[in-house]
Amino acid sequence: METAPDLQSISAEAALSPMLPRPFVIKRVRRETEDTFTLELEPTGRDDGFSFTPGQFNMVYVFGVGEIPISISGDPARPTTLIHTTRAVGTVTKAMDKLRRGDTLGIRGPYGSPWPLDKAVGRDVVFVAGGIGLAPLRPALYHVVSNRERFGKVVLLYGTRSPADILFREELETWRARFDLDVYVTVDRAMSGWRGNVGVVTTMIPKAPFDPRNAVAMVCGPEIMMRFTAAEMIKRGVDIRDVSVSLERNMKCGIGLCGHCQFGPVFVCKDGPVFPYAQVRDMLVKWEI
Amino acid sequence: MENLEHILGEHPFFQGLKHEHLHLLVGCASNVRFDAGQYILREGAEANTFYLVRFGKVALEMGTPNKGPMIIETIGEGDLLGWSWLVPPYTWHFDARAMELTRAISIDGKCLRRKIDNDHELGYEFLRRFSDLMVKRFDATRLQLMDVYGNRA
Amino acid sequence: MKTFTLERSDVGALLDALKRRGYTLLGPTVRDSAIVIDEISRVEDLPVNWTDVQSGASYRLKRREDNAFFGFAVGPTSWKRFLYPPIQHLFAMLRAGKSFALPAGTKESTPSRDPKMAFIGVRPCDVHALAIHDRVLLAGPFVDPLYQLRRNGCFVVAVNCTQAGGTCFCASMNTGPRATEGFDLALTELITHKRHYFLVETGSDRGEALLKSVPVSEAGADEMKEARAACEQAQRQMGRSLDTKQLREVLYQNAEHPRWDAIGARCLTCANCTMVCPTCFCATVEDVTDLGGSRADRIRKWDSCFTLDFSYIHGGSVRASAKARYRQWMTHKLASWVDQFGTSGCVGCGRCITWCPVGIDITEEARAIREGQPTEARTHA
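Protein sequences, first through last, are from chains A, B and C. Residue numbers for the first sequence follow this note's numbering, beginning at 197 and rising by one. Residue numbers for the second sequence follow this note's numbering, beginning at 42 and rising by one. Residue numbers for the third sequence follow this note's numbering, beginning at -17 and rising by one.
Everything labelled a hint here was simulated from the structure, so no lab data went into it. All clues stand as given, with none of them false.
Cut-off 30 Å, straight-line C-alpha distance, at most; resulting in silico cross-link-like pairs (DSS-like, lysine-lysine): (1) Lys80/C x Lys294/A; (2) Lys466/A x Lys227/C; (3) Lys283/C x Lys290/A; (4) Lys(-16)/C x Lys176/C; (5) Lys403/A x Lys59/B; (6) Lys1/C x Lys98/C; (7) Lys177/B x Lys156/B; (8) Lys349/A x Lys177/B.
All values derive from a computational prediction rather than experimental measurement.
Generate coordinates for the entire structure from the input sequences, incorporating the hints supplied.
Right under this line is the structure:
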C-alpha cells in the first residue's frame, strides 16, 4: 500500500460542488433531424460562459428526471454559449426534447479528455464521423477551421443512415464549399433521387485526399463503425498511434467515482472519452468488456 | 488506343498486369458516355461488359414496390462497375444508372471471357483482382446491413 | 509506535474514553444470527463468547467459553456502510419559476461537521480496505466530499486476528492477520489460562493521546512475543490462498477463458459479493420528485456491476451475460484495480465466498484460470 492521501477538512458546500448541477437556461432549440436536436444554453445568474476543450462532455440534468453524459457540440472559441446536440432515445433525452426556450437544465462539467488537436498541428487531419458521432467532433472541426493555417489537408468523412439523418446540413454545405476543406458525405440507404453517395463511410477512406504517413484521424460513431474505420485507416498506412476514437459508456457521476463507465482498466469519464485507438483496440474486439 | 492503354495501365486495378495482357484488354476496351439518368445496366439483362468509371457517379439500384428504386451503393470516379459478366449465367443482378454525366471505359466481357478461357494466367490475374474487389464490397455490404446508426432502442 | 497492555476488565474504560471525546462507537454486535457492525455503547454489546463458523455459502454463529470479545472473523457488514452509506442524500433542488435552485440553508442536507465515529474492532483486512477506499474516493482528480467528511472524523481501533475465519486468505494478500499501519490503536486479544488481556499498539498521536485516559501498562517483551505468536497461529490456520503473482496479466490474457462460462452458469448475479465486499464502491443515483414536482432530490445508492442496468447504454446492456458480469467484478477486483489505483482491490477477507449463495470462491476461480491457461500463455505469463 502506498501512502494514503491527506485527509484535510473542507467546507461542505465547496466540497459538494462537483456533484451539484449548475442551472443553464435554454436560449434556442434547433431541430436537426426527426429525433435529433440542438440546445443553446447560457449559465443563469452569471455571464462567465462555459469554456471547454473539443471532445469533452457534460453531465446534463433535467430537473427531477435524471442526469446523463452528453458531448459538447459547440465552438470552443465561443464559450459564451454552451451547445449540446443529442438524440431523443432515453428517459432524460426524451424529457430534454420537450424543453423550450427559457427552460432550465442543470450542467456539471466539462469532463473528460480532448481530441488530440495539438498533435495534429502541421499534419493532415481526417475526421470520420458516423451518425450522431458528428456532434462530439464538431468542436474539433470548428477549431481546425478557425485555425486553418496550422494544419495540412483537412478531410471530413461523414456517414449516416439516410439523407434525412444528416446532421448540421447547412454547416456541412458551407464547409464543403470551401477550397481548403474536403467534405464527403455518404448514407447507408437512400431512395432514387438522392444525388449524394450511398455506401458505408469506410469505403471513402481509401480514396480520401490525405497523406496517411502524416495524418491524424479522429473517429466518432457507433463502436462497430469506429472499429472498421480504424482498421481501414491503418490499412491505408496511418500509424495506429495517430488514430483516436471517442467511447460511450453508462455514467452516473462523470468524475471517476461511481464505477459505471469502466472499460477494462480505464474509466471512460476521466481517462476518456477520447482514447488513442491503440489503447482500447484489444478490448473493443472482446465481447462484453 | 494509345490513350486507353495509358489509362488502363495507370489504374490501380490493373497494376502489375503484364504488358501483353494489358494490350489484350485494350483490344476489348472503348470509351463510353452516359447522360444523367441514363441506365447503364438493367437487372436481368445479359452481362457482357464491365466499366471503369472515369468521371461522374453511378447508382446501383434495386426496384422496390410502392417506393420506387432504392440506391444500394454509389460508384464514382476510379471505381469498377460490374462483375456479372464473369460468372454464369452472365446476367445483371441490379440496375445501374448514371446520376450525372458519366464517362467510362467499357470493356467487352464476352471477348475477355474467351481470352481468359484460353489463357489461364490472364484468368488468374483477373479473378484475383475481382475477388479482392468483391471481398471489399461484400465487407462494406455486411457493415451496411448492421444498420449501425439505427435507433436500436 | 508505543506498545501497551490493557486488561480485559479495562476495555470498557477504552470505550468510555472515546465516548467522552464525542465519538459514536461502532463495533461488532450480534444481530439477526450474525455478527454485524452497528452502534454500540458498552462492552456488553460486543459479541462476548461468540464465534462464527464460515465456509463457502455458509455462516453460522457458535458459542465459545473463553469470554473473548473478538473471537470471530468478519461478518456480512463492512465499515464502508458507515463511511460510504448504502443510501445517501446528495442534494435537493427546488423549482423556481422555469429554473431551479438549491434550497436556502442547503448545508442541512449535507453534514456540516465531521461526524465523529470510532470504529471498534477493525480487522487488518478491513484496515486495508479503508486505505483502498481512501485511494479510490480521495486520491483521484475528484474527491468524494461526503466520504471525506466522514473519514476525517474516524478513529480506528484495529483488532489483529489470532484465529483465521473459515474463508479468509489475507496472508496471501499481505493484508493480515496483523495490522501494521492505518489505525489509531491496534489491539491483539490474548487469552491464556491465567490472564485475559490485550496488547495495544499506537498508530497515531491521537491514539497515543487517548491512552493517557485509559488504564494501560507498558508492554514487556514476553507480552509482545505472545501477541506475535497468536497472529502467526491465525496465519497458519488459514485454509485459503490467492496467488497474486502476475495475476493481473493472467486475467487480462484470459478474458475469453472457458472457465468464465462455467462461473457464469453458477453465478446468480445476486450482487451479494459486491454488497459484502469492503472495497466495492460502485454507486448509482436516483432522482426523485415530490408529488407536486416542485422539489427534486438526488439520492446515491450502492450499485453493483452484477445488475443489467449497471452497463446500460441506449439499446442494451454492455455486459448482458452473467459470465461477463462476474468477469468484470473479478477482473476489476484483482487486475484493473491495480491499473486504476495502484493496489489490488481484494483484501482477502473472504466475505464474497461466505455470502455467495452458490459458494463461488474467488481464490478457486483465480487458480482455475491460471492453471487452465493454454500452455503457451502460461509460460509467457
